[in-house]
Every structure is written in structure tokens, then in C-alpha cells.
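Dock chain B against chain A, hints included.
Protein sequence lines correspond, in order, to chains A and B.
Taking our numbering, the leading residue of the first sequence gets 1, the next gets one more, and so forth.
Taking our numbering, the leading residue of the second sequence gets 552, the next gets one more, and so forth.
Rather than coming from a laboratory, the hints here were simulated on the basis of the structure.
Please note that a few of the clues may not be correct.
What follows is a set of in silico ranges between Cβ atoms, one per label pair, in the way DEER data are often shown [as the list claims (entries may be wrong)]: (1) A/Gln399 / B/Met552: 50 to 56 Å; (2) B/Ala576 / A/Ala150: 31 to 37 Å; (3) B/Ala558 / A/Asp146: 43 to 49 Å; (4) A/Glu316 / B/Ser569: 29 to 35 Å; (5) B/Ala576 / A/Asp90: 42 to 48 Å; (6) B/Ser562 / A/Gly443: 41 to 47 Å.
We treat Cβ as the ideally placed atom computed from N, Cα and C, and that holds for glycine.
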Amino acid sequence: MKCAVLSNVNVESLARRIERHEVHVAQGYGAWTQELANPASETWAFGPSAVFLIVDGAELFRGQRGLDPALAEIDGHLAWIERAAERSRDIKFFLSTLDVPARSPRALKHGHPERQLEQHWLAGISRASANHANVYVLDLKALVEDVGRAQLYSSKRWYLGGLRFSVLGEKLIAKELQRVLDAQVGARKKCLLLDLDNTLWGGVIGEDGLQGIQLSETGEGARYKDFQRRIRQLGEMGVILGIVSKNNEGDVFEVFDRHEQMVLKKEDFAILKIDWSPKPESIAAVARDLEIGIDSLVFIDDSPVEREAVRAALPEVTVPEFPADTCELSAFLEQVYKDCFFTLESTEEDRKRTGSYLANARRTAERSAAESLDDFLAALRTKISLGKLRDDDVQRAAQLTQKTNQLNLTTRRYTEQQVQAFRTTPGMAVSIASVADKYGDNGKVFLGIVRKLSADTAELDTFLMSCRVMGRFIEDQILDHLVNELRADGLSRLRVHFVPTRKNAPARSFVERLAGGQVVSEDESGGKTWEFDIAHGSPVTKPPYAELLTR
Amino acid sequence: MEQKLIAVVASALGGPTSALNLETAPGDVEAWDSLGHINVVSEVEAEFGVSIPIENIADIQRISDFLPYLGK
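One chain only, chain A, in its complex shape:
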């Protein structure tokens, strides 16, 4: 679009930094009010849709003696601005706030006229904005406060060419103008999708439990509560909110219903995808259900693996990098707002939007994203390092039995002493595995305890894996490997138990994708034991893809 930049300093260099829009800079930068006042001026002949007024405080009051004449000068400028806004109602005017550096050394008792001037200007442009729908306040003073005058201004550029801002200052201001211009041509995203664990709260609800997650009014957990507040504000501005989380729905609803510190409520979300399907599939389903384009989605997740999965399978989705330091969550969301959801005004209609999407959400069959999932898994360069339990693994092994709730077939909790004893019990074999991928080492995340029941039959006493690496079929590949080892040892049958708990739905879906088992026992609570013939094959059907090393 066409825009004009008017200023009382030289903004030619600043204007050159604006991309994708046609920019006009008035010649003779002292003459900005005349440009405004004269309907025949070049600025109006250019035919802009937006006019930016970048007013430099130091220059505005250069040569002024005393506060009262300076205040009167402000009033004079404001009158011209209002007149121009009145005359050209289809042009949007963006008026900058004022930064007035102290001009002269003076005694403390002398007062602070700069602050009064800034206030007077702000009151004037705020009034103009309230009175005219086409007038907006552009808060450049906030930029000065964030960045600092020493960084934002440059005296050398001033003396060389009447350029008030440093290169950095020009870049930052140009970015603000760019954002305002882009917002008017409508590239705004519609929907913000959020992960839950370690994103809306600290910790993992399935493992740490309702009392164990970090979420509080003050202290460390407050960074998540503050983050939630910002998210809710986005919702109030008309951004559709949704959840895409690998979790047990029951656990999550318990947090929503019972955690006192939750700012966000279930009703704040137009859609909740809480299950164990791959996130790209869930996100594709969200776009279909809400009937919005995939390219209008923004996805926030703390896990680099999930982010990469979504970027690989759905490149149209915007996936911002998650802050490495979660103290920066609020600042991060502010940036996401500016980059993805920035808007000049939010209407009543915008604010109701989440509600209408909620009502309209339509369930449709989920298209399989299996192909892209395989590609994604291969690209992770997963390495599994599997071995018999050593002395220095005992503590971690016991901890895994104590803490792992989700992918855990039997949920048997063991102490270090018990685990230590298993190592030397004849007929028992304890295996532990660590998993690394291109993002780094996830540590020891898998534990399996196999017990020989007879000369040809063994059982899985324990088979568990931390949720950190869940959803990547690592458990399938490890079981396949263990089965091959047992067969090499002359065993031909393997018994697998599943003991249901409130949290181990992932373990259920794991046993349900094993093939060829005969149910040998079943109890009322849903517990089941299968027996697999492993003499000629493996119950695992998922082809291996990771590199598996034994130690």
C-alpha cells in the first residue's frame, strides 16, 4: 500500500528500510505541518492510504525558551493534525508518542519540563485518536524506553545528515511501521494452538500429578501463570485458541477443573485435541474442524521434536522457536502477537470469534499423515543404546519404575534394593536404554524386566518408557530386539501383561498394536495377559527405523 512518512527530522534513510510498500517522504523535513495543512502538497498528491508522523522531541523544542511557548506550539501542531484527519477520513494517521531528552543542565528544583511536554503531546494525540476513527497512536516512546536513548539515537548521524536515529533505531522503527502496514493488507493468523506440559504449566501432568506441576501466583510457577494470562488476552482480542497435546484427557481435565491457579478455562478454547495421535495429524484435523486454512495456524510447543515434526509435515503452519529460558515466556508471547496476530483494532466481533468457532467445530474423519510421519521419524536420526543394567544404572532404574505412569505396561514400583536384587536373580534380566536424536541425548528413558517362567517361556514383568520420547515407536523397536535375544536363548513363548491404570492409555495402545497374541487370562478390571509365539517371529509389526546399539 502507499504510505507517507512526515517528520521534523530526516527520515529518508528510515523510509528506505520499509519493504513491500510504496513510501513517500516529504521533501524538506522541517515542513511537516505545512505538508499536512496544504491540501495541494506533494504528500497528498502521492495519494497515501496511511500517513506516519514521526515527531522528534529534541528537534521540536529546539530554540524554545520556557515551557508555556512549547506547550502552545504542541497545541498548534495538534490542531493541524486534527484538521487533516478530519479532511481525509479514508487515510489512516499514525502519530508517534514523543521522547524529549533533557536539553540543558539544570538544578533539580527547576522541575522536569520534558516530562510535561511528553504528557501534553500524549494527551493531545490520544484525544485525536478518540475523536477520529482514522487516527492511531504509535508508541515510539516505548521503543526508546525498551532500547535506551544511547542505542536508539546517534549524534554522529545527526551532525552528518540530520538523521536522528542510529542504524539500529531506524531498523526497529521501520519494523514497527512495517508491522502496521502489513496488518492493513491482512496477513494476520487466526488460531493459536498450544501444547500443555512444560508449556502452559511446568512439568508433566501424567507424571508429576495435579500437585506436582508448576503453576502459581508468585515464585517460579508464576512464569506459567503470567504466560496463561497473556494467552487469554490474545483470546479476548479474537485469536482462536486451541490445545494440541499428547496426554490423557482425564488428567488434563482434572487440571482445568481442579487446579486453582489455572487462568485458562476449557471454554477459552475452541478446540481441544488431547490424545496420543501424532501432532501433525491433530493439527490438520483442527484446521478441518474449524474450517480455517492450515496457513492461519500458529503452533507453540516446548519440544523441539514436536516443532520439527509439525514443520516437516505441515510447512504452512507457523511454528515459533520456544524460548530456552521459560522466564521469557511472556516476552515470547508478546513477540508472537506482534509477528502473527498484530491488529490495529479488535472489534466486538473478533472477541466473539472463539465462541462461534467452538459452536461450528465439525468432526470429520482424520486424514492419515502416516507418510510424512515416517519421513519425519527417519530425519530424527534416533539412536537407541540398549544394555543390561549395570550397578550405576540402579538408581535411575528404580526412579523410572517410580515415576513412569503413561507408557508402563504393569506399573510395578520398585525400590533400588529390589532392582539391585533382580540383577543377580537367576532367570531375570533387566535392560535399560538411553535414546538420543539430532536434538541431543534424552538420557535413560526405557526399562524392561524379563523373567523366565520355564525352559521355553518368559514374561515381561516390567516394560516402561518415559513420555519424553513417546510417540516415536521406540518401544516397538526395543521389544523386537528383546524378542530376538530371547529366541536366540532358546525361548519360544513370551507373556505380556497389561495392567490398566488411570494414566497408562499409551501402554494400552502399544499392546494393542502387537500382533499374534493369544489372550491367556483376563480380569474384571481390564487387566490382560497375552502369550506370543516368538519361535518364528515377533509380535512387533512396526518396521524398525532407529539405529539400535547394544552395550
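Then chain B, alone, in the frame of chain A:
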């Protein structure tokens, strides 16, 4: 050092590095006008963490003239 200098000047002028060499002077490139010159000086100062005295800025007639200010 020289390559970085050329890259910084190119970035300040918003053009490709390939269009420049150490002998390139203001006027050889369209974007290198008087305003472009100020931006070139500012960017070189910022990128190399140096300050070029205002009296000497008019003496910079080609890219290589920056080299004495950049230290080692």
C-alpha cells in the same frame, strides 16, 4: 577482515557482496549516495565496534579507506 568489510558495506547498501570490491567508491553503486554513505559508515562502526572521527569521514573515498580504522 576485508571480506567482512565488503559484506558489511553490501549489507548497508542493501545490495549483493559480489557487486563490490575494495576499490568500490561512492557513486559506483546507485545506493551509495550521501545518505548511503552515512549508513555505510554507521554499519562499519557498529559491526567492527570502532568509531571513525567525523572529521575523517569525508576522506573515505573507497571501501579500502576503512581498513586503517578497523584495527587487527
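If you check each hint against the structure, which ones fail?
3
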